[in-house]
Amino acid sequence: MSSSIQKLYFKSEQAKAYTLLSPALILVIFAMAAPLIVMVFTSFNTQISMTEIDRTLTTGRYEDFFSKPIFSMLLFRSVKISFFVTLLTLVTTYPLAYYIAFYVKKNKMLWIVLMTLPFWTSYLLRVFSWRVILGNKGVINSALMGTGMIDEPLGFLLYNQAAVIITLSHAWAAFAILPLYVSLDKIDKSLLEASYDLGNSKFETFWRVTFPLSLPGVIGAILIIFIPTVGDYVTPQLVGGTDGRMLSNMIQSLFGRANNFPLGAASAVLMLTTVCLIAALVTYITKKVSMRMS
Amino acid sequence: MISKNYIKINNLSKSFGDVEVLKNINLEIEEGEFFSLLGPSGCGKTTLLRILAGFEFPSEGDVYFDNVDVTSVPPNLRPSNMVFQNYAIFPHINVQKNIEFGLRKENLTKEEMKQRVLNALKMVQLEGYENRYSNQLSGGQRQRIALARALVKQPKVLLLDEPLGALDKKLREEMQIELRNLQKSLGITFIFVTHDQEEAMTMSDRIAVMDHGNILQVSPPKEIYNRPKNKFVSQFIGNINILDTEINSSSSDNLNLEVEGFGSVSLKNNYNFNKTTKVYSAIRPEELLISKDDVLNNKYQSSGIIKNISFYGESTYFYVQLSNSEKVLMVSNNDQKNSFQEKEKCFVSFDPENLKLIED
Amino acid sequence: MYNKNNTLFIYCIFYFAFLYIPVLLLPIFSFNDSFHMVFPLKGFTFDWYIQMWNKSRLHQALFNSIKVGIIASVVSTFIALFAAKAFTRYKVKFHGLSYGAILLPFIIPEIIIAVAFIVIWTSMGLQLGLIPVTISHILFCTPFCMLILISRMEGFDKSLEEASMDLGENSFWTFWRVTFPLLLPGIIASLLLAFVISFDEFILAFFLSSSDQTLPIYMWSQLRFPKKFPHILALGAIIIIVTSIIVMLAYWLRNLGQGKKKDFSIGI
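Protein chains in written order, with the working numbering: chain A, 1 to 294; chain B, 1 to 360; chain C, 1 to 268.
Just chain A, with the same shape it has in the complex:
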């Protein structure tokens, strides 16, 4: 008697768990998986008129993508820009994370809140703010001209890839610092003391002990910044100009004015594939590196 009741109880534990999970799983299946599948399917279709799509399967859209150089160029540029944004953000936020983890004794929480607060304000407005800052009549130029340091506004600040990179590193800074901070904070301080005790300098200790131990956070930050940035729309649209245009701007017009849903879907599929491949690569390299370290 006891064992059959126990079996029932145990089985129902799995059943209970999945009942609780079901709303979330249903959401993901219907609102995420199904749309993605339809999107992939659509990428093999053809847009005939404003409202009609020919559903016969064809690889035509992918041929279109690769035959017109602008598409691949935009994809490549998006990856390139994301790479630089990731690098810049990492390099600039790492010292801050380091400082809070090791040098701040009281009110660490306050520092973290202050760091992440800007992230919660409207992304749109922050990007627009950068447009203002970098523009010809913008804050930097009017300040420099006003103090007489230059006669003409610096035109190279805006409407190019550099502007996009700077703006995005600002946008992602708060988001990036958290994984960095968490993994730095976790490091057992006595490991560092042991390193000094064994004769290492501050820099050597950092390079040989601290940095390797903070790698999980670094990898986390890399993935968090890189993946969404590839698909960013607002920043290139507002501060990118022609030089800074990215793939999502093209995709948006394919769903808007240019009205070519299948081509837009194909572009999205290729963007997603690229992102997945790079993420997989990063994860693979991480595993290899961490295996060698432990």
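Simulated from the structure, these hints should not be mistaken for lab results.
From the three backbone atoms N, C-alpha and C, an ideal C-beta is built for every residue, glycine too.
Treat the hints with caution; some may be incorrect.
[Unchecked claim] Here are the simulated lysine-lysine pairs, PhoX-like style, with alpha carbons at most 25 Å apart:
id, chain 1, residue 1, chain 2, residue 2
1, A, K16, C, K85
2, A, K137, C, K67
3, B, K169, B, K184
4, A, K16, C, K91
5, C, K158, B, K97
6, A, K16, C, K93
7, A, K108, C, K4
8, B, K105, C, K158
9, A, K106, C, K4
10, A, K16, C, K4
11, A, K186, C, K4
12, C, K4, C, K93
[To be verified] Coverage of chain C stretches by chain A, computed from C-beta distances (three or more under 8 Å per stretch; other residues unrestricted):
id, stretch
13, 6-20
14, 105-115
Please arrange chains B and C on chain A, whose structure you already have, making use of the hints.
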């Protein structure tokens, strides 16, 4: 006091997946008893306690409280209450509300409630703490609040899951005495889980020594100490010397043994061993005598060299390497005037009455 | 050894300035009596705030954003609460797979979700509008809420629920008297943060709405017109202040009752 078998556990087993945590447990606990479950980590004692509380369900077997089958009764309907290892004080309400927590269903008036809580706090000597919150209490105070919260419900059985584990030594010793006195004055059954054998010995009426899901021996502390049934129990409780032993011959009165390091020994046969049972001789350090010279008229002695001396305040422990064996014996000596030194030769002897035979 | 590092400290100050100046410029210029955001400041004025007050389309957009935000945050929190309970209290088979799948919308680029959604919605012949926007927001917010609630639940001592049962309460009363009050701060934090995410979200709304605008879409539409632009600054300034207050409240709630163990992540 008529001792009733208040709690009965019959043929109880418990497995988690493939791992058998409790194997065929049979136990009877009397009303008003301070009963300890003692054993190393992983022996199953906490699982057994949780089954008694109703948080785990046995794979096989039954549990009876006062002749009522409670095996499938949920924890909120059992006449037992538990003091958790980490105290489990509700952080979002104050001490007053914590202690009142279990009284909701009793429909008491506000005054009655207040009085009950006050009495409970008096019992654990924390009057005046009603408005404090969990994070304003020390570990020892939280432990006592947990106790008060359980006792205010006047349960028949109190289950305690290593409640003193997180306290420092002095506080622990104080609490041990307090708990024992509390239990005696209330007269309810306490079932106490611990891995600390000194603790169990100090407080209990009876101890059940457990290992790997089995109950090895259930006896009062003195008996466990003086007549351990097997090697594990003897080594778990206090310090002991174990010597390999062969039974040469046995009769209804006598046993003739070959004891490692000491040669032939003759004992009164109070045991039920046959020639094929694997036995050991066990003797406590305080039951061995150490002397500089040959003890005349004592057949059971051996010479040896002192390898190590450890001073413990009230007693000194000598680690003696016997001449005719590889064994190192632990001998304790309270004589403050002794002047033994390491590497000195000595003699170790014993009274055969103190030699215990134990099984594997 | 780790007492002071002035170079790093100065760097941090500069970096903080870099972080905050773009954000602070908005409120500063919202009081500036000029159509252009340039230094030097021209003069102090409330005009833009007053102008904002009179724009009915703005009010409509605001109302839409609040509507979508409330629905999205409530539904997301609800779904996430159940999922969090499943992951923390039970041993779920295919734990990693389910967990990853639910987190997915949060990880892949938003535009991909927007594209996938618009494609399936239109191919089903349905109209774009606030409904697909709300659904996509729910999809986007749920992973985030789940991370918040899981971290809250992991810090939750299981023996508290057992103690409650031991003291006589059944499952319902245990939930009501112990579990729910202890989870409440986390639930509120989840609601607040999900609301903020939905309120500020642009790209999904941009793709999926039609004539009903959310506030970010309204702002986007106004950005090109210099004359209409300054009142957006006023709006932005107010949004920043209100959002900051909400977020600080949410942070405070998330750490309520957690004792020494403070939660520093945004759920990571």
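Hint-by-hint comparison with the structure:
1. K16(A) / K85(C): holds, 10 Å
2. K137(A) / K67(C): Between K137(A) and K67(C) the Cα gap is close to 38 Å, so the pair fails against 25 Å, i.e. violated.
3. K169(B) / K184(B): It holds: about 23 Å lies between the C-alpha atoms, which stays within 25 Å.
4. K16(A) / K91(C): Given pair K16(A), K91(C) holds - Cα atoms ~10 Å apart, limit 25 Å.
5. K158(C) / K97(B): This hinted pair holds, its Cα atoms lying about 19 Å apart.
6. K16(A) / K93(C): Measuring from Cα to Cα gives roughly 12 Å; hence the hint holds.
7. K108(A) / K4(C): Distance of about 15 Å is within 25 Å: holds.
8. K105(B) / K158(C): Between K105(B) and K158(C) the Cα gap is close to 23 Å, so the pair holds against 25 Å.
9. K106(A) / K4(C): This hinted pair holds, its Cα atoms lying about 13 Å apart.
10. K16(A) / K4(C): violated, 53 Å
11. K186(A) / K4(C): Holds, at about 20 Å.
12. K4(C) / K93(C): Status violated; Cα separation ~49 Å.
13. 6-20: holds (count 9)
14. 105-115: holds (count 9)
In terms of the numbered hints stated before, the structure departs from hints 2, 10, 12, listed from lowest to highest.
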